[in-house]
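There are 2 protein chains.
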Amino acid sequence: MASAEFWYEFASTYSYPAALRVGALAAERGVSLAWRPFLLGPIFAAQGWRDSPFNIYPAKGRYMWRDVERTCETMGVPFKRPAPFPQPSLLAARVALALQGEDRASFSRQLYAAEFGQGASIADRTMLASLLARCGVDPAAALERAESDANKALLKAECARAAEIGIVGAPSIVTGDGEVFWGNDRLEQALDWAAGRREGARPGV
Amino acid sequence: MASAEFWYEFASTYSYPAALRVGALAAERGVSLAWRPFLLGPIFAAQGWRDSPFNIYPAKGRYMWRDVERTCETMGVPFKRPAPFPQPSLLAARVALALQGEDRASFSRQLYAAEFGQGASIADRTMLASLLARCGVDPAAALERAESDANKALLKAECARAAEIGIVGAPSIVTGDGEVFWGNDRLEQALDWAAGRREGARPGV
Chain A
1 MASAEFWYEF
11 ASTYSYPAAL
21 RVGALAAERG
31 VSLAWRPFLL
41 GPIFAAQGWR
51 DSPFNIYPAK
61 GRYMWRDVER
71 TCETMGVPFK
81 RPAPFPQPSL
91 LAARVALALQ
101 GEDRASFSRQ
111 LYAAEFGQGA
121 SIADRTMLAS
131 LLARCGVDPA
141 AALERAESDA
151 NKALLKAECA
161 RAAEIGIVGA
171 PSIVTGDGEV
181 FWGNDRLEQA
191 LDWAAGRREG
201 ARPGV
Chain B
1 MASAEFWYEF
11 ASTYSYPAAL
21 RVGALAAERG
31 VSLAWRPFLL
41 GPIFAAQGWR
51 DSPFNIYPAK
61 GRYMWRDVER
71 TCETMGVPFK
81 RPAPFPQPSL
91 LAARVALALQ
101 GEDRASFSRQ
111 LYAAEFGQGA
121 SIADRTMLAS
131 LLARCGVDPA
141 AALERAESDA
151 NKALLKAECA
161 RAAEIGIVGA
171 PSIVTGDGEV
181 FWGNDRLEQA
191 LDWAAGRREG
201 ARPGV
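Residue numbers (this note's numbering), protein chains in the order written: chain A, 1 to 205; chain B, 1 to 205.
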């Protein structure tokens, strides 16, 4: 079966619509999808950025906010800008990584919906616990696993792996043959590629 | 008739596939297209960049080169990286701006094909003159108009206008209602928007 990896960061705006779309797009193409949460912080830091480039470069930030708003409008999903931006995503990423399979995907979608659909703070443990409960996962056990030394080390390794693969932003799709496709607007092209339908993999077509 | 503006920069890699695709995509949707050459230099300078961000941030550069190569491969068009990158695009932009209507579009497509299809240097007057002749334009007259004070001032005004609209990169499509869509991968969405077919304007769908 064709497979692909969906690399996402909970502080990333474009990862929100992507997380809502990617499961169905992969299933339509018969592509098995691995959800891989990571942090952009180390990748940005390697480029000399100590903040989101959307804050460092205000013109890019203005463009992005309007673009994401427009994207959500077209998809018919709510959009509310969280404050502060970016949200501290470390704990959420650890929790997602401590979950497996559909639990991880389901928790991640719900977290994005809360963060960018309702503007909720994702560093809040009570909020994370209530999302976990909604996914049928025991919140206390999941949070304990999330904060174990092994899981912390695993997230660090995932971040190092992202940089090594050549990931420069989120969301990114990595195909079985090592191609990286960056952006919510590239999901179709990436998954077509993963499915071997390269003739259909024209940008945006 | 619905209309849109195609803003492009001759040094921009992603403007190459976009310039080859945009005419047919606009025509299919009944959108009248204005080709607006400009320079990214002033916009980058305002963000503190004195070089292409693809050179300043090598990881982004590596991603971009592979991505553009892959895009061209899928489109079935040649790709050859010009040296140096970015190419000095001032004279080419002035020439394009001195042309009107289909002459401008045709010259621009040919210039991109020479630059990124064959790796040619676009600062070369002889090369520009031969492209002009191929478009049925008198090269000497066009180069003279290109370097007139009025045309130089017009290009400066176009660059200022791009920044004012909120353009942050090339290619960008600007719709009649002032929406900006950035990227070769957003042409379809932008032109759907311009045509009023917003239900079809999902990212990448």
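Simulated from the structure, these hints should not be mistaken for laboratory data.
Please note that a few of the clues may not be correct.
[To be verified] If the Cβ cut is set under 10 Å, some of the chain B residues that face chain A in the computed set are:
| no. | residue |
| --- | --- |
| 1 | R50 |
| 2 | N55 |
| 3 | P58 |
| 4 | K60 |
| 5 | Y63 |
| 6 | R66 |
| 7 | T74 |
| 8 | F79 |
| 9 | K80 |
| 10 | S121 |
| 11 | M127 |
| 12 | I167 |
| 13 | V168 |
| 14 | G176 |
| 15 | V180 |
| 16 | G183 |
[What the hints assert, rightly or not] The calculated label-pair distances, taken between Cβ atoms and stated as ranges, are:
| no. | chain 1 | residue 1 | chain 2 | residue 2 | range |
| --- | --- | --- | --- | --- | --- |
| 17 | A | R66 | B | R66 | 26 to 32 Å |
| 18 | A | R66 | B | A45 | 19 to 25 Å |
| 19 | A | N151 | B | W49 | 56 to 62 Å |
| 20 | B | R125 | A | P84 | 50 to 56 Å |
| 21 | B | R125 | A | M75 | 32 to 38 Å |
| 22 | A | N151 | B | P58 | 28 to 34 Å |
| 23 | B | T126 | A | L90 | 27 to 33 Å |
[Unchecked claim] Sample of chain B residues at the chain A side, in silico, Cβ under 7 Å:
| no. | residue |
| --- | --- |
| 24 | F44 |
| 25 | Q47 |
| 26 | A59 |
| 27 | E164 |
| 28 | G166 |
Virtual Cβ for every residue (Gly too), placed ideally from N, Cα, C.
Each hint, compared with the structure:
| no. | hint | in the structure |
| --- | --- | --- |
| 1 | R50 | violated (14 Å) |
| 2 | N55 | violated (12 Å) |
| 3 | P58 | holds (9 Å) |
| 4 | K60 | holds (5 Å) |
| 5 | Y63 | holds (5 Å) |
| 6 | R66 | holds (8 Å) |
| 7 | T74 | holds (5 Å) |
| 8 | F79 | violated (14 Å) |
| 9 | K80 | violated (19 Å) |
| 10 | S121 | violated (27 Å) |
| 11 | M127 | violated (28 Å) |
| 12 | I167 | holds (8 Å) |
| 13 | V168 | holds (5 Å) |
| 14 | G176 | violated (15 Å) |
| 15 | V180 | holds (6 Å) |
| 16 | G183 | holds (7 Å) |
| 17 | A:R66 x B:R66: 26 to 32 Å | holds (29 Å) |
| 18 | A:R66 x B:A45: 19 to 25 Å | holds (23 Å) |
| 19 | A:N151 x B:W49: 56 to 62 Å | violated (38 Å) |
| 20 | B:R125 x A:P84: 50 to 56 Å | holds (52 Å) |
| 21 | B:R125 x A:M75: 32 to 38 Å | violated (49 Å) |
| 22 | A:N151 x B:P58: 28 to 34 Å | holds (31 Å) |
| 23 | B:T126 x A:L90: 27 to 33 Å | violated (57 Å) |
| 24 | F44 | violated (10 Å) |
| 25 | Q47 | holds (5 Å) |
| 26 | A59 | holds (5 Å) |
| 27 | E164 | violated (11 Å) |
| 28 | G166 | holds (6 Å) |
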